[in-house]
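Generate coordinates for the entire structure from the input sequences, incorporating the hints supplied.
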Amino acid sequence: MTSWPGVMRAIIGREFLRFIHQRERFLAALVRPLVWLFIFAAGFRAALGLSIIPPYQTYITYETYIVPGLCAMVVLFNGMQSSLGLVYDREMGSMRLLLTSPFPRWWLLFCRLLGSAIISILQVYTFLAIARAFGIAMPPLGYLAVLPGLLLSGIMLGAMGLLLSSLIRQLENFAGVMNFVIFPMFFMSSALYPLWKMAESSRLLHDICALNPFTYAVELIRFSLYLEFNASALLWVLISTFAMLALAFWGYDPARGQTRVKR
Amino acid sequence: MGSFCALLGPNGAGKSTLVSLLTRLLVTSEGAIHIAGHNLDKSPRRALARLGIVFQQQTLDMDLTVNQNLGYFAALHGLPRSEVPRRIDAALDKLGMRDRANEKIRELNGGHRRRTELARSLLHDPAVLLLDEPTVGLDAASRRKITDEVHDLAKEGLCVLWTTHLTDEIRDADNLLVLHHGKVMANGKAGDVRGNLPLAEWFLSRTEDSK
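Going down the list, the protein sequences come from chains Y and L. If you read the first sequence in the numbering used here, its first letter stands for residue 3, the second for the next number, and so on. If you read the second sequence in the numbering used here, its first letter stands for residue 9, the second for the next number, and so on.
None of these hints come from the bench; they were simulated from the model. Heads up, a few of these hints could be off.
[Claimed, not checked] Computed footprint of chain Y on chain L; a stretch qualifies when at least three of its residues, placed anywhere within it, have a C-beta under 8 Å from a C-beta of chain Y: (1) 61 to 71; (2) 83 to 95; (3) 183 to 194.
[What the hints assert, rightly or not] Reference excerpt, derived from the structure (chain Y facing chain L, CB under 10 Å, subset only): (4) Met-10; (5) Ala-12; (6) Gly-15; (7) Thr-102; (8) Ser-204; (9) Leu-206.
For every residue, glycine included, the Cβ atom is placed at its ideal position computed from N, Cα and C.
Here it is as structure tokens:
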């Protein structure tokens, strides 16, 4: 029983193979941010005037502004979809197989999270490549610098999905997750508009946005894409990641989690 | 050394709950579970490493091949990589599945899928084999075949716990535990328990009365 990396390799490998076999899912995951980028942003650019805020050093188009937010959206949706997969897996039994491995449960779940984060990253890079092909380019090194931020955000949002999946009793409740978790999280963030714009409309909403960990995932991605370091974003994302992981592992503790979920 | 123990009970008797407890998906605050001498609560890793499981629901990846499914499981159990191909071949040989090693699960029929799961449960060389209603959804021929194969495994030295609600899968020489309303109603050799009645009749008379 020495092969911890072997377990990781196997779980990530399985996620990867499943991903390859679900090309429709990949396309759907790609179409979503592209619709936002090429349709929503095109229509919206006239309505929203952006001033120069860090990390940007000059005026930017609205399309350029929302690219990091859309990267984070890909990661968010993928993390949630993977949590849907977990509920499905639990109903279909393959989660049981995973959980009866003699390795510690937290390690098995962490590997699964890492696997889905890596899949998200592949989708993000495909999206960034398409955006670049249409002229929305980042500094070349930014594409590399963003990698740790994407990975961390992927684990954070995946852990949030994992936590939700331990609370959702049935598959049908996933629509509720969409409405009550994904959309509010996405809209109450700096993905589509800078927070100062939000403050102009409502102080309260601005404060909520400023507490939303997703905002910091967006900013972490935005700043690293432009080769700048945003310490507060990194700190928030790190804290949220650890908190979500701890809660998710707690949710899957055999002494609870499954007991409540089964009945 | 080996033994075949059938856990018989009508639907709702508590079989699935017991299986969840034995596989540590649920934990109980009372009592203790020992698997091959290891306490499941205190040393779960050692206990689980000695336990082979075939779940009631299918747990194979449909788009992966038999080999890939078994390889995934071998890694989940931390088997040394150098040994995995040999172990997979041996397990598939035992169940006559070797020639299907590279077929996708989606292309296999129900009986072959179950045999794949059985082969998988043997990969890590468990001492105890737990099968949760493994014949559900199989046709008569496949059912018979799996039942025979697992009886053979018990003869070869495995300790088998087989849950079912079908009496024809149980032989007189098997150990029989009858579970009803969450309680053990009978415990002994199947032949002794049923007395002069056929097991099916004995079982119906006992479980219908008290419903």
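Here's how the hints hold up against the structure:
no.	hint	in the structure
1	61 to 71	holds (count 9)
2	83 to 95	holds (count 7)
3	183 to 194	violated (count 0)
4	Met-10	9 Å, holds
5	Ala-12	3 Å, holds
6	Gly-15	8 Å, holds
7	Thr-102	5 Å, holds
8	Ser-204	46 Å, violated
9	Leu-206	43 Å, violated
Comparing the model with each earlier hint shows violations of hints 3, 8 and 9; every other hint is respected.
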